[in-house]
Amino acid sequence: MLKVKDLNVHYGKIHAIKGISFEVNEGEIVTLIGANGAGKTTILQTISGLLKPSEGMVSFEGENLNKVPAHQIPVMGIAHVPEGRRIFAEMTVYENLQMGAYIRNDKDQIQEDMEKIFLNFPRLKERIKQIAGTLSGGEQQMLAMGRALMTRPKLILLDEPSMGLAPLLVDEIFNMIQTVNDAGTTVLLVEQNANKALHIANRAYVLETGYIKLSGNARDLLVNPEVQQAYLGG
Amino acid sequence: MNLFLQQLINGLNVGSIYALIAIGYTMVYGIIKLINFAHGEIMMFGAYFAFIAATSFHLPVWAVLLSSMVIMAIIGVAIEFIAYRPLRNAPRLSALITAIGVSLFLQNLALIIFKPDPKVMPKIFPETIYKIGEIEISSTTLITIGLSLFFMVLLDLFIRKTKQGRAMRAVSEDKDAAILMGINVNRTISLTFAVGSALGALGGVLYSVAYIQVYPTMGVMPGLKAFIAAVLGGIGIIPGAMLGGFIIGMVETMTKAYLSTTWADAIVFAILIVVLLFKPTGILGKNTREKV
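Line by line, the protein sequences are chains A and B. Each residue of the first sequence is one higher than the one before, counting from 1 in my numbering. Each residue of the second sequence is one higher than the one before, counting from 1 in my numbering.
Treat the hints loosely; a few may be bogus.
[What the hints assert, rightly or not] Output of the computed footprint for chain A on chain B, the stretches with three or more beta carbons under 8 Å from beta carbons of chain A:
#1 127-138
#2 171-177
#3 268-275
[As the list claims (entries may be wrong)] Across the chosen pairs, the derived CB separations fall in these ranges:
#4 B:N186 with A:Y11: 18 to 24 Å
#5 A:T134 with B:P116: 51 to 57 Å
#6 B:I74 with A:I131: 31 to 37 Å
#7 B:L276 with A:Q109: 34 to 40 Å
#8 B:A90 with A:E112: 56 to 62 Å
The set of hints was computed from the structure by calculation and includes no laboratory data. Even glycine gets a Cβ: it sits at the ideal position worked out from N, Cα and C.
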């Protein structure tokens, strides 16, 4: 579904991504794990067009994304929940979800999808008229996910969804990711919480400063001594 | 008391014009963090186009207003495209200097095209004087205030209730997040310049009708005052610009009436200094911070 081939990305003079290839198949949860600065966020930003690769290619359902303007990428079926949520803090919860549906014109189904999101995140419904900036961190994460789901994505990119959240909320968010995936959305998950990520994912890639160090089934990586040593705290 | 009421109406009159112009400053600042110093020249050209439409083409008043607003919307979009867009990722100072350059360019262009001598703006609105007790209100004043309020309400509805309005707010808040929603940021910025410039043009027409004159540097002072109004209300906040415009108009009028005409401008500029010293975010400005 998503193919990344020999990807190189530069931030000015910094060579952030040094020739990375991986793919995500339909229906999977794939996770990219690795330390801070390994290039995980850069990869997601390149897929969604916010960054342009200096070399290599990203393709989605056979189409080369390098040539697609960034604002058309959601139309193709890729939603991105960015690091730090990046919800529209001055808008209400409802307006944020409406922004998610910006690319759509099917009013009835938008309403239907919103109801679905409220079913999954009842707390958002309670706060529907609240200014999003006043939500708690966990609620903002739910809103960011809800907003992305409103685009009706085939593939959802999640960047550090557990960042800064209390353990109970982390569980809730990960349950939600599973629910989203069960409903048919493919997931590409970037996480520092390698343990959680590997438990939920089908496959995983381990990143180290711009290249892929290891890859394989999430279950195998969980018991891989190298991974355990470096990312799972021994 | 009568003098006060009379001045109150004058203040509303001038204030509504400043508010219209201030909206353009604040919208552009909100979306690309640029003080568009050419905005005063937008209002000046708007006034000239209205003058031409009224005197050379004898268009009906609605067509005078509409043509001026549409032409200036297009010119506003063109200015952004030619002068500001190439500097989108440049340091903000570069864009600011460019804005001053565009302002000077347009002023001098007007000098060449229209010549320096002021033209007399015809009375484009039907003129009647209403008397309530000893207070006199002209129909032009009422129309000016009414039109301004009408367009402000329209703008507010557009920004709050429509998809494009929401997209504008999204882009001003977070461009990358807006792109991730599928919003075409460049198109949204163009739209912002179009709306801001159209309102600026309307402000220019109303200003020239109120002061019966059109001349190449007419945009400088009201432009500066509207800028101060935008800062006073909270730059980037549309209701703030409206509020600031009315306050500045009122302060200016009252100073002229009760203190001295020569001090009026000085006091308005002093407001800018005081705001910058004590509440740089303006009256409606607040520091919201996203939780992480």
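task = Could you work out which earlier hints the structure fails to respect and list their numbers in ascending sequence?
result = 1, 3, 7, 8
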